[in-house]
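Could you build the full structure based on these sequences and the hints that come with them?
Chains A and B, in that order, are what the protein sequence lines are. Counting from 8, one number per residue, gives the positions in the first sequence under this note's numbering. Counting from 8, one number per residue, gives the positions in the second sequence under this note's numbering.
Don't read these hints as lab results, they were simulated from the structure. Incorrect hints may appear among the rest.
Treat identical chains as interchangeable: a pair holds within one or across any two.
Below, in silico cross-link-like pairs of lysine-lysine (DSSO-like), each with a Cα-Cα straight-line distance of 30 Å or less [claimed, not checked]: (1) Lys-153 with Lys-137; (2) Lys-303 with Lys-226; (3) Lys-260 with Lys-196; (4) Lys-153 with Lys-136; (5) Lys-153 with Lys-247.
Protein chains: 2
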Amino acid sequence: MDITNGLGVPQETLDAEIKSFFESAPPLKNSDDIGNGEARRVVCVTSGGTTVPLEQRCVRFIDNFSSGHRGATSTEYFIKAGYAVIFLYRRGSYQPYCRSLPEDPLLECFEYTDESSIRVRESHSEAVKKAISEHHAAVAEGFLLKLPFTTIFEYLQMLQMVATSLRSLGAHAMFYLAAAVSDFYVPWKSMAEHKIQSASGPLDMRLVQVPKMLSVLRKDWAPMAFCISFKADMALKKYKMHMVVANELLTRKDEVVVVTSNEKILVHRDKTEVGDVVENPLIRVIVERHSAYVEKSDI
Amino acid sequence: MDITNGLGVPQETLDAEIKSFFESAPPLKNSDDIGNGEARRVVCVTSGGTTVPLEQRCVRFIDNFSSGHRGATSTEYFIKAGYAVIFLYRRGSYQPYCRSLPEDPLLECFEYTDESSIRVRESHSEAVKKAISEHHAAVAEGFLLKLPFTTIFEYLQMLQMVATSLRSLGAHAMFYLAAAVSDFYVPWKSMAEHKIQSASGPLDMRLVQVPKMLSVLRKDWAPMAFCISFKADMALKKYKMHMVVANELLTRKDEVVVVTSNEKILVHRDKTEVGDVVENPLIRVIVERHSAYVEKSDI
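The structure is reproduced here in structure tokens:
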């Protein structure tokens, strides 16, 4: 009898695809940065989009746009709720505590005074103070570990390392998968070593699907961890997520729908309170459900 | 007799392709920011890579990697040489006077003191001072106009506007085309309106060539302007550039070769001087040649 996994492909095919993905990935550069988790509640928040290099000496690549606003903001609320956060983020995407800053904070927030010193512009002083003090406090107190990625290879390699490191935490670990992950990639070895030449005529490209890693995360990497994904397409059943967060592009900053195996909860920000964000009630709902999950698994 | 242009395609085909490119581009958002040039030496420095959206509501796109280091550094030396610089740059790429800063300057260069104020970390104090004071001075004194782009559409639309605005400056205008521009694109109207669905199986994509705009820049937009490109492939003859700067990936920060119609000049940084960059002698060579060109055209 074939072992099946609900994905409609034989398990050995999936295993082979996953093995082949990691074998075809370039070596991970900063694997030493990723330590072991301590015995407390830890959430790995993924944030921003992944790239797919089209050449080995990467000049051209396909990118998935995601500002990283959801992941960065959610991180603030997880830390407030007492979680340690492993923030696996795309280089250059939004950082926790920095969402009120302009595009180029250094050049826009500061000015040079007549007395040859640097001063924060009045208009940005609250935002700068918050960014620097709260961000540094979170890092210094061990509540925030930041791990940057760029490519789909780095992202999945690091996710695998984080997940296997957090496995020992059992139900105390959580994955909050807000990153926009590429669906297609070009295997490293089949990639052009140099820049694709621009000859005349159109360019035809063939990309292959990235194997569905969420199911392996759930099955092998960290089977007890509480998992939340932002994929609306049947992720709950297909990848055995504990929760799925769905949103519409236009209203995503105001409301989201949280789907569990037996509930569908509409979560919206408190519009009567200035500056409230939907991540505030969203993380509250998630933490409640995670607490119930931890208690149940402790029995 | 057909009018030819040295590109091996009839002029009317090229004109039609260029017309069709601009017609198929989305409307430019910040066209009001681009003013008219004054009667002094002005160089338009392009910097960073352009993106090619794969969907109209851009989630996925192809990107050309370029840090923008060459363009940002060259801008500093053009300003030092008395030029006004229109810096047409990719959002998020290197900014002039900021090349010694770390990846996330706000979070890495500043710290919060016990007295609840913000302080520049000693290790970064020179870099921060230089970035803020020299950058702001250049903008305030009218030597630096910064125009950001993201997509190939925005880049070429803005380049066209800048070029036609600078046309009146004749030989006093210069184009220093250091941006890494996409060779292929998906026409806006033929693009999927929503995110490409990830069905099963591989993804096949067809991209069409971006028409060769350099020749139009030379012929129509600003025929008298002095043009320097970083394309090694016959740009001198094919696109009638005045100079081409060639470099090797590994040695690009130490030396470059400047090719003109009758010279081939090896330019390298002064290794005996700490902190010297190849853009220092490179811009010196370019300014000399531009001066000679201006003089000749004034006669």
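Structure-based check of all given hints:
1. Lys-153 with Lys-137: Answer is both: 18 Å inside a copy and 28 Å across each meet the 30 Å cutoff.
2. Lys-303 with Lys-226: within (19 Å within a copy, 74 Å between copies)
3. Lys-260 with Lys-196: Answer is between: at 29 Å across copies they meet the 30 Å cutoff, but 40 Å inside does not.
4. Lys-153 with Lys-136: Cα proximity of Lys-153 and Lys-136: in one copy and across copies (20 Å, 27 Å).
5. Lys-153 with Lys-247: Only inside one copy: Lys-153 and Lys-247 sit 27 Å apart there, 49 Å across copies, limit 30 Å.
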